[in-house]
Structures are given as structure tokens and as C-alpha cells.
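Student: Protein sequences, first through last, are from chains A and B.
Under my numbering, think of the first position of the first sequence as 1, with each following residue one higher.
Under my numbering, think of the first position of the second sequence as 1, with each following residue one higher.
Wrong hints could be hidden among the right ones.
Said to hold, decoys possible - Here are some of the chain A residues that sit facing chain B, going by a computed Cβ distance under 10 Å: (1) Trp49; (2) Ser67; (3) Gly72; (4) Gln73; (5) Gly78.
Unchecked claim - Stretch-level coverage of chain A by chain B, calculated; a stretch enters the list once three of its residues show a Cβ under 8 Å from a Cβ in chain B: (6) 29–36; (7) 87–100; (8) 108–115.
To be clear, the hints were calculated from the coordinates, so they are not data collected in a lab.
Ideal Cβ positions, reconstructed from N, Cα and C, are used throughout, including at glycine.
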Amino acid sequence: MRKLVLILALAGVMPVWAHHSFAAEFDDRKPIKVTGTVTKVEWQNPHIWFYVDVKDADGKMTNWAFSGGAPGQLMRRGIRKTSIQPGMTVQVEGFMAKDGSHNASGGRVTFPDGSQVFTAGSEDRLPGQGRGDAKQ
Amino acid sequence: MPRTPEGKPDFSGTYEWPKDPGGVRGRGSATIFDSKKFAPLKPGGEKFTEARNGDPRHDEPRDLCLPAGFPAGFLSANAMQFIQNKDYIVLAHEFMRQMRIVPLDGRPHREGIEPTYYGDPVGHWEGDTLVIVSKNFKRWALDDYHYTDPDQFRYHSDAVTFTERFKWKDAKTIAYDLTVDDPKIFTKPWSQSFEIASKPEWDKDGLWEYVCEENNRCPGGKCAAN
């Protein structure tokens, strides 16, 4: 199933879109790339949000919130609510919110088996397309 | 070409948003107008573009769930569904639950109403072409060009008239021409041609609900706490 999602998500390098411009909420000079455990998924408009517990080098846990596309858009790309569920380990790449909070755009999700989904909902600003390079 | 019992072209169905196969691509996925199509600006006319000023209501009203308006919302990258009978065509667009109900029964535009985000549309037939003329707009976004250049937010004026022409090009494609007549901004009307692709495979799901206010966690760039 995950491979199917991957194929569908990549097919046609599907453009993504948000109800607002990327610049309204996120900073493309502040890329983020973290790995952690999904704690919650809000499959709601105008964007899905999924939350990930991330442990830093000192063992401190931070719950990051990542914004994705609109549910309808994602579903037409073959991504369903079941694609990302609490308990899953994911690596997420995106860009941090401009307000400095623990919120970010979540452009790309990579699962432990290496499969990926593009959950992006903010313009075409996928990881690697910002003004800064994503760092681990 | 599908036809109604009255013999008119039938546009009922599910579609992608309008695209210009040869047109410019912006930063976002929404279709934007090609500046090469624009008529010259009117000297001393109303401002066509505005720069950001730091106020979210000005810079990015949709981030606060304010309406997309026509035509920006109609060009946004979401599914559409058209439902037609003898007297009306309903143009529903998934993005922010846009729904334009267009009378086809020959009635005139409404008079004396407040300016609107989506205009007052009235349709008629010119042979096999459905023509929809919309008036009575408030000054609002023309398209999503500010995704590409945040300092160039394009606005139409409150004097604008939009004329849309729908005609089947082939079994899966509607030719969609949009004319912008904005005498406060441009010296003459100008047009751009788009195509609307039929997506019968989307019929089984139809349009999904899109309630912007449901979980808009970062309005104005200020995110809610986790």
C-alpha cells in the first residue's frame, strides 16, 4: 500500500497548492529535517496537520506540528488519512514557521523503508527548493 | 458532444481547474494570467498591483480564510463540478466551497446590490458557446501572482466585467476563454484562453468539503500552540 501511495504521490510531479501563499506562514530560509514518532494527525481543512515527537541530542523531546495539503487534494493524489498514522516513525522535511514556534510546513515524509510521500500543501516549495539547504 | 434535452451543450461533469497549456507557470499550482495578454494600463488609472505592507488582511487575506473571489478562486488548483439544467448552471469549485449559480433564463443582472467577491453572473447561449457575464465586484485579487512575487499583488477594480466563454473543444476538453474588461485599469478589454479537462474518474468521490475555518492553525503567520 505504501508503495502504491508513493507511486501515486510522485506521478506527474504533482504540483501542490495551499489556500495561502507559502510566504504568509513559513520561512524558506529555515529548512527543517527531523525524525520522530507521529503523535497525532488532524485530517482537516484548510491543511492537514500531523504532529511528531522529536528527541534532540540532549534527550529533550519536542512536539513539532507539520502542515500538509488540503485533504481533498491529498486524497486525489492517493494519500489517505491512513497513510500517516500515530505511532509511525517518519522523517519530515519542510520549512519552519516564521513565528519561531514549533510549527512547520511538512513537504516530504520518508518512512523507515525509504518510501516517501509528498504531503506538501504550500505552493511548490518542496524540500530543497528553499533559500537554505536542509540540514539534519 | 453531450447535449441537454433542450439541445444545448451539456457541461455537467467533474473537471480540473482551468489551465493554459502554453501559459506561464507561477510559484503556486493555481493558474495565473499571462502578463503578455494584458492590455496597456490606463495612464492615471487605478492601481493594478500593490506591494506588501505587513498587514495580513492586505498581504494574504486567504490566510485569514477571507474569500478567494472570482476569478482567482476559479483558477485555483482544485476539482470543479458543473451541474446544468435548462434554467441554471451551477459552477462548484472545491476550494473554499465556491459555488456560482448562474441563471440561463434570460434575466438581467441584479441592480442596486452591494459589490461582491464572486460577482453577479448571468449566462446566455451563443450557438454552442455558453457565455457568462459577471459584474458587481468589489476590488479584490485577480489571481495568485503574489505567490510568485509577494510584492506584486494583482487587483481588479470594482468596475470590472468578466466574460467567460465555454465551448466543447473535444470529448474531454472545454475551451474556456476569459475576457477582462476593467476600464479603471486597462485601456481596453483583454482575454486569455484556457482549457478545462474533464475528469470523469473524479465523479465517484465528487467534491470534498473544504471549510477553511476548521483548522487554520497559523492565521496571519501566527501559529497556534501545539
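Student: All hints, please: hold or fail.
Tutor: Quick rundown of the hints versus the structure:
no.: 1; hint: Trp49; in the structure: holds (6 Å)
no.: 2; hint: Ser67; in the structure: holds (7 Å)
no.: 3; hint: Gly72; in the structure: holds (3 Å)
no.: 4; hint: Gln73; in the structure: holds (7 Å)
no.: 5; hint: Gly78; in the structure: violated (12 Å)
no.: 6; hint: 29–36; in the structure: violated (count 0)
no.: 7; hint: 87–100; in the structure: holds (count 3)
no.: 8; hint: 108–115; in the structure: violated (count 0)
Consistency with the previously given hints fails for numbers 5, 6, 8, ordered from lowest to highest.
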